[in-house]
Structures are given as C-alpha cells and as structure tokens.
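Visitor: Residue numbers (the working numbering), protein chains in the order written: chain D, 86 to 699; chain G, 111 to 195.
Please keep in mind that the hints were generated in silico from the structure rather than gathered at the bench. On a predicted model such as this, the values are computed, not experimentally measured, just so you know. Be careful, since some hints might not be right.
Partial selection, computed: residues in chain G whose CB lies under 10 Å from chain D [unchecked claim]:
#1 131
#2 149
#3 154
#4 170
Backbone N, C-alpha and C fix where the C-beta goes; we use that ideal spot for every residue, glycine too.
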Amino acid sequence: MVRRFFAPATILTPVKAEVFATSQAANLEEAQMTEQSPRAPVRKGAARSNLGDYEQARARFTWAEAEKALAGLPGGKGLNIGYEASDRHVADGRGGHTAIRWIAKGKQTRDITYAELARASARFAAALAGLGVQPGERVFTLLGRVPALYVSALGTWKRGAVLSPLFSAFGPEPIKARMLIAEPRVLVTTARFFKRKVAPVLSELPFLKTVILVGGGEGGVDFDTLLAEAPDGFEVAQTKAEDLSTLHFTSGTTGRPKGAMHVHGAAAAHRATAEFALDLRPDDIYWCTADPGWVTGTSYGIIAPLLIGCTLISDEEEFDAERWYENLEREKVTVWYTAPTAIRMLMKAGPDLPGKFDLSRLRLIASVGEPLNPQAVIWGENVLGRPIHDNWWQTETGGIMVSNYLSMPIRPGSMGKPVPGIEAGVVHRGEGDEVTLVEAPDEEGELALRPGWPSMFRGYLNEEERYAKCFAGGWYLSGDLVKRDADGYFWFVGRADDVIKSAGHLIGPFEVESVLLEHPSVAEAGVIGIPDPVALEIVKAFVELHHGVEPNEALKKELLAHARRRLGPAVAPRDIEFRDHLPKTRSGKIMRRLLKARELGLPEGDTSTLERRQ
Amino acid sequence: MTDTELMDLVRKTLFDVAPDLEGEELEARETFHDQFEIDSMDFLNFVIGLAKATGVEIPESDYPRLQTPAGAVAYLRANWAAAST
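Let the hints inform the model, and build the full structure from the sequences given.
Guide: Structural data, given as structure tokens:
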C-alpha cells in the first residue's frame, strides 16, 4: 500500500528560494543583517540560506571544490581534523571566539575559546604520546557531554590515533564486545562509569594499558593532572586525508557489532553538509543534543561546528523539557539539531511551556535518527515558530546524505532530497552483484548511494566480508527501505533487516538475544522492535524456557534484571514474554520477522522456510 | 498513606521498571537518573506505574517534580486527597 503522508496543500513554504538564489557572499551579508534585528517581525527563515536554490547548488557543487574549504596542515603537510577544528581558527585570528559553551548539571556555564581548545587538545595529544600511544592506535571515550570529551577527541586526532566514542548508557557487555574488536590502548571515562561498567570486565581487556579518569578517582590516571603535566607545543600528526581518524560502532542483524572506519578527509563532507543541511555559519550558536556515543554526537556534535568555527552548546544534563527551552532562550541558540524522540517528548510536555520562552533567535531546527512524523514538523511550525527539517544518514555514511533545507519547501514526513555531491537512488537487490534501479515514482525499494563522498566509511574493522556485502552494482546499499516521489523527495518506509531503531539508537537483536541466552533458564530468545509513540520502537524479547522451567513473573523480572545489568537500559528489552515455541526456520534460525508480524497482527508473508512442528 | 508507605511504593514501582536495581538504597534528594542512570523511557514507565498504582493523575508538565524519590513522595502526598475523593 502506498501511504502518502501529505496533501499538496499542506506543503510548507518557509522560504522563497528562487528569489534569493544569489552568491554565498551575499547570503552571509544578509545573515549578518538579520542577526542585528532578531526581533524584527520578518520571518527569520526568510534570510538567505547557505544553499540557495537547491538545483543550482547541486549543479555547481564538486567535492574537489568543497575540500578547498579546509585549511590543511601548515606547509601542505597533510590534513588533520584536530587541527581543522581548533588551531586553524587560531591561525585565522579567531582564537578568542567561543568554541564551546558548556552547561553543567547545576546550570553553571563555562566558555572555552578556540585558542584554549587548541592548547588543551595539543596537551592531551602530548600526554598520549608520553603514554606510548602510537599513531593508528585506538583511544576510546566513555563519557557524557563534558569539556574533557572535546579535548580528548581533538587530542586523539592530533596524536594521529583513532577515536572511538562509546555510548555511556552501555552496560559492561556491549563495552567489552566493542573493545575486543578494536583493542584500544587507552580509555577516557569517569571513575563512576569505570567502576560500574569497565572494572567487571577489565581482566578480559589485556590490551587496555591506560585508563584516564575525568574528575580523578580510583582505577586510573587523573585527566586534569595528565593535562597539567603535559608540555605545550605538540606538533600535530601529519595525517593524510585517507588516514583513519574515527571508529564508530553500529549494530547489524547478526553477529558482532561492526566498527565503521572513517578518515580525516571526511572533514570536507562534515563541513559542506553542515553548511547546506544545517545552514551553519561562523556566527551561529549551535546546539546538537545527540549523545557523544553515537555518530551524530561526533560528526555534528563535535566536528562540524568546530570546522565551521561557530559556538557549540554542550549540556551535561539529559532531556528535560523546561531546561531545554530555557537553554534555547538563554543561549540564544540559532541552529538546533535534535532527534524525533526528544521532539515527541517536547510535544507531550504541551504547547504552553514553549510559550513562556523567547525562541525568536532560532533560525533552523533539524532532526535525525528516525523518520520524523508529519505532525511533529507542523508542531514545530505552529509551536516553536519554525518547521523541523528532517534529514537522513547513518553511521556508515559519516555525514548527512538526504535532507530538507531552509531554502526548499518541506514535505512533512519526507527526509528531503540528496545533499549536493550525493547521488541517491532507489534499488531492488537481485542475485549476486545485480541491482535494478527503480525509475518509477512512489515505488518501494532500498535507498542506495553512489560511493565516493569523503565521509563514506572505508570498511568495518576486521570484517572485510561484511563491508563487501554493503555494495552491489556500483551502489552502497543502506538497508533502509524508501520511496521517492515524482519531485525527488525521499520517504522512509522501514528497515530491510531486523535491526531495531529505538530512541535514535540502532540496536542489533543478536546482541540482546546472546545475553538472554546466557541465562541458565533460557533455551531460545527472539528480539524485535515494537512500535512506540515516543521512541519509535522499543525492544521486546520473546523467550522460550528450558524444559521444566516455570514461566512466572519472578523469572521475568530476573531476566529483565540480567539483561539490564549486562546491556544497560538503552539496549536491554523493556518487556519479556514467554512462549512455548518460537517460530524457527528449518535450519533453526529464529524468524524475527514472523514474531513481529504475529505480535502486531500483520500479514505473515512468506513462511515457506518455517519449521513445521509435529 | 504515610510518607514511609509512599516511599515504599516509589521503591517498588522503580524496581518493577528496573529490576536490576532491586535492593539498592535510594538517595532521597538525588535524581533517579543521577543515582541509577535510568533513561527517559524508564522514567516515563516509572511515572505511569505510579499513576496506575495510586490513581493520581500526573500530567506531563509535572514530571520534573518527580525526578527525585523525595519529590515523588511529596507529589503523591499533595495529590493523594484529590485522587481519593
């Protein structure tokens, strides 16, 4: 069934793009003029956007040209994200500009200038060198949004080492699984996270030589002391565009988590996409609410804003509706990048709350993580005074690939159109390397991208075969099912695999099932995503017990507790249901798709491989 | 209900949502998130659980008042009368 989420009459037209399609220099000039009169009755979105006319920008754009926006290391000695994100601005005379405004839990704020960030990260790089960390070795972070996160990230890149940020809500099991793949030499975390999540599995991580603790404490080296004792003047590693910079873990349907490898050259895409999709400029106050443990929290929570040279807001606290509105008002946020789950929670908190705050500085609101429902886009327009611009990308793409733009009418519910430099198509997979391009509008297929953009992943660490499987017929296959309408807008339909999307996180069912199977009472486990009005999906487990084990409420709680302790609340199931028999294929594989269809009362589809029970 | 009984109810409701915390001591004035790293989905389920157990209607705008054990007890006490009439 083709579901159209919009009627042409509801298309929002916030900007008359064609009227303003002029050069970028003029765009910036006008942006500064609007900046001086933020409360003028004109619609703020009417300011010219970086992108201008979408079609013209696409026609004009080349990656070779976009790469020129990066400074490169002095003397043409290479390209390093750590340098581009700090020292470069100091060299340009903007060292005194605020790079980070950090908001502590207690709401005290701390400003860090580009010069301070450059110096601190150089010291961290020197400290890593002193600890014996070699270029190419992995440094993991397990941190919330604290200043040390940014210093550690930039410092790791400056050392030429590879950064891998972990999600701080992970339990010991996901942390161990990821570390066993990447074998980090250093972990930067807090004493509290270390004690709860790492210490229990530390004996299985012999490669981990140093633990650095932000705020000090037992079990590691104190971050501040390390920085204070490190020398200034560290020379940034002469990395090249194709050298590895970052490793982001993502979940697949089966097997271990996958470490998507990214390079320093990705910076060209981070910068260009932030300019186009987020309309980001050096004078912006930008707030990305993503957790630093996920790719958005790095690509657009750290790298992109610091490449552009604007001020980024970093709030240590988790979601709180009133606090968030307060932040937007007090910090005069101009560009806000958040997620559907957060937006839906704001919607639930009601329309009166935002009315108490002055949100007039907001120029652009963008969202990523899951498809944003049309109601949320329109709620933004009505309640926040700005429509919400959905965009699409994933860990493997490294940066925004499909987006709604300030200068293009939004179709609520659509992810928008490919960013300049990106060719996207809808395809059907065939046998082997064969794919067929879907030409007809509104026909469902897999979203595919032509490889070659700078932030594309360069592989899954130690998993050549799984990497190769992502490509066919000259396309990168995303695993997301979409439709493209007659005007070129893309619409998300669902996942092609069993991966669960919950509150903006990708959760691999296999990882959850494995932990449930560790429990002595469990014979089989099947894990699926159940639709949820706030989180899109929540994780639900179906469990078959060993013969003779009594299914009861106490055992259910015990299994939930076991899963939560091992996986952390974000990954563990929220609900467990006992079943006498789980549907399996004849080869013994749990048919998650069928579990889901039965749970939701959907058509069961092809069940020809289903094991027939006597 | 006395405050002690209310605190027991808060504890039980929390442990139903997050059974891994069973037996943990609750710090009355520290937020659930800071004490136990429960996430927003857990918190939502916790508030829904309290509303179900007590019959007290808890609008979204009041959620911040239930972020600590002491806050939750005070909130339930203040709204109990209205719910039981």
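Visitor: Work down the list of hints and note, for each, if the structure agrees.
Guide: Here is how each hint holds up against the structure:
1. 131: 8 Å, holds
2. 149: Holds, about 5 Å.
3. 154: With a minimum Cβ separation of about 7 Å from chain D (threshold 10 Å), the hint on residue 154(G) holds.
4. 170: 5 Å, holds
The structure is consistent with each of the numbered hints, conforming to all of them.
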